[in-house]
Amino acid sequence: MPVLEVRGLKTVFQTRGGEVHAVNDVSFHLRPGELLGVVGESGSGKSVTMMSLIGLLPSPPAQVRAGEVLLGGVDILKASPEELRKVRGARIGFVFQDPMTSLNPVFTVGAQIMEPLRVHMGLTKAQAEARAVELLELVGIPDARKRLKTYPHQFSGGMRQRVMIAIALACDPEVLIADEPTTALDVTIQAQILELVKELRQKLGMAIVWITHDLGVIAGIADRVMVMYGGQIVEQAPVWELFHKPQHPYTRALLRTIPKLGGQREARLQVIEGQPPILAGAPTACPFRARCAHAFARCEAENPLRRPVDGAALGHGHDVACHWTAPAQESADA
Amino acid sequence: MLDTAKRPLVQVRNLKMYFPIFSGLLRRHSGDVKAVDNVSFDIFEGETLGLVGESGCGKSTVGRALLRLYTPTAGNVVIDGDDVATLSAEALRQKRPTMQMVFQDPQASLNPRMTVAAIIGEPLDEHSGLPTAEKLERVYTLMDQVGLNRRFANRYPHEFSGGQRQRIGIARALALNPKFIVCDEPIAALDVSIQAQVVNLLEDLQDRLGLTYLFISHDLSMVRHIADRVAVMYLGQIAEISPRDDLYADPLHPYAEALLSAVPEPDPNREGRRTRIILKGDVPSPANPPKGCNFCTRCPKVMPICHDLEPVLTEARPGRFVACHLVTPPQTTRAG
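Listed in order, the protein sequences are those of chains A and B.
The first sequence: position 284 = 284 (my numbering), numbered continuously.
The second sequence: position 173 = 1173 (my numbering), numbered continuously.
The set of hints was computed from the structure by calculation and includes no laboratory data.
Note that CB positions come from ideal geometry on N, CA and C, so glycine has one too.
Where hints are given, some of them may not hold.
Said to hold, decoys possible - A few chain B residues that face chain A, going by a derived Cβ cut-off under 8 Å, partial list only: (1) 1033; (2) 1136; (3) 1158; (4) 1159; (5) 1161; (6) 1262; (7) 1263; (8) 1266; (9) 1267; (10) 1275.
Unchecked claim - Pulled from the structure, derived: some chain A residues nowhere near chain B, Cβ distances all over 10 Å: (11) 133; (12) 276; (13) 311.
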């Protein structure tokens, strides 16, 4: 049974210029111990989807209009604010992009790690402190006991992100949602954090949702990948399948557009012409049609539904939301 | 492009850019942040030199000091025959049209109260003295060159997307027919699908107008695509300068090697096979760099000598300059 299952999630923002349909009919599940990568450009709805799950979006302007979010079989979208508070930070942990703005500058790091422990797990101060030291050691911060008494500004970016991970892991969550956790970091520091996450997965075995726009990061750590575009899931597949047999024209174009670090150097970069869509109004057509090289009349008339590519049940194998069918073999050496 | 006679358009010699630290009650000068410490390199006419490194390594400061947006603490920056670092104010103003800059954040570098035509035309107002009609014609030509629709000339920056705003910034940089453009992280703020559009535009313009670029970036894959030679910076100094293919195939400096190995690749097969060098710890403060080699605190191949003697950037192989005792043992280099 999946730890987390999302069905038909729709999130709309009410703005002065009208409604913005940021998340449109998104369904996915997360199996125990799995790392699900979510890729997409800014505005594709990847962060808003995850924020909607646990009621972190301010309402108004945001409104979760439809859908179910099942955590251990219970729909948390129907939960009261108090019940939701028991889920956030306890059963679902978060790591955000910018560790400086998500840590409180006026509290010590120790106080911030101990807060969820005392609130959610009811530990005494001494117990919470012992656990906090343990957590800081777990995420590889040397001299942990001394560091508890220091403030976020005394840490470097990479160290702060380690602290964020320690806070997210404090209550042994079933699910960890990481929203662009390494985007603000340098590559050598990013490599440290990725290594840490791989290690923690082996030790703790929690399920992780990893949001990023960096396909390189995804290739290295994800088991399964969801590609989002214009507020929808356009393709979903195990990681190897996605990189070697991409089906959706957007995924295919995206993979061709990034320059490679090794191998043959491309003379000219492939380009995806045009701009990402503006999500005004409920979608009635494929969001990618204006930039798609394979678009035809049906793409304008009908928003494609996700369909399985490899015969497995929807969401369990490789599926794509596209009217066009990619040719069978040429992608093998892509 | 490489077969044309190589003439250095930009020659940087022993460039130092220190930012003073004042402390105590009397705000006494108590130290310096050595953002750029003794950097020398050439950029040849028509080439793109990639400048890579992590945040805080001084790469943007180099770019700004080159164009004298900062006045360098010491050193020479000879651009097309004139030492920009020491030119007088008026001579510098005369020199400005030959050297321009494209900034990272197009949102912050375009005045929100000016129309696109006014933004692109401002350098012309300042330097060209063209009559209004000709100036407008020139603005239209520039807009065509960077792929902006002429009809948008009277719109404001907020009406454009990030990629289009970057095109406005590029058109402004091109207005006075510069020879040399510093591109400071021009694609870092853009989405992946838009980055390729801007990079292709920069390459097309280089081919058409014979421009010389200093391309500052932390995106090593993109630098491999656009640059002819690449300089790797660490903590205010250059660790290695090599032709692109040599650097990516066989980095000589241990930092360059670690940096390249840390870049994730969008291919699960390659990712699975790679051995990654994970550097321990963080970059030291440029206000208090370590003694000896500035990479000695994190270097996986550190030797005792690295803690004492600062390595000098030396030509280790033809065209490849490295500052490392491992690559060029100290007896062959002139000490400190």
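Status of each hint after checking the structure:
Using the Cβ-Cβ criterion of 8 Å, the hint placing residue 1033 of chain B at the interface with chain A is not satisfied: the shortest such distance is roughly 16 Å. Annotation: residue 1136 of chain B was flagged as interfacial toward chain A, and the flag is violated, the nearest CB pair being 27 Å apart, outside 8 Å. Violation of the interface hint for residue 1158 of chain B is found here, the shortest Cβ-Cβ separation to chain A being roughly 13 Å, above the 8 Å cut-off. A hinted interface residue such as residue 1159 of chain B counts as satisfied when its beta carbon comes closer than 8 Å to some beta carbon of chain A; here the least separation is about 13 Å, so the hint is violated.
For residue 1161 of chain B, the interface hint holds, since its Cβ comes within 8 Å of a Cβ in chain A; the closest pair sits about 5 Å apart. Hint on residue 1262 of chain B holds. Least Cβ distance to chain A is approximately 4 Å, under the 8 Å limit. Interface restraint check for residue 1263 of chain B: the shortest CB-CB distance to chain A comes to about 6 Å, inside 8 Å, so the restraint holds. Given hint, residue 1266 of chain B at the interface with chain A, holds; its Cβ is 4 Å from that chain's nearest Cβ, closer than 8 Å.
Checking residue 1267 of chain B against chain A: minimum C-beta separation of about 6 Å stays under 8 Å; hint holds. At a threshold of 8 Å, the smallest CB-CB gap from residue 1275 of chain B to chain A is about 12 Å, leaving the interface hint violated. Even its closest Cβ contact with chain B, about 20 Å, leaves residue 133 of chain A beyond 10 Å, as expected for a residue assigned away from the interface. The beta carbon of residue 276 of chain A sits about 7 Å from the closest Cβ of chain B, which is not more than 10 Å, so the claim that it is off the interface is violated.
Every beta carbon of chain B lies more than 10 Å from that of residue 311 of chain A, the smallest distance being close to 22 Å; the non-interface claim holds.
Checked against the numbered hints above, the structure breaks hints 1, 2, 3, 4, 10 and 12 and satisfies the rest.
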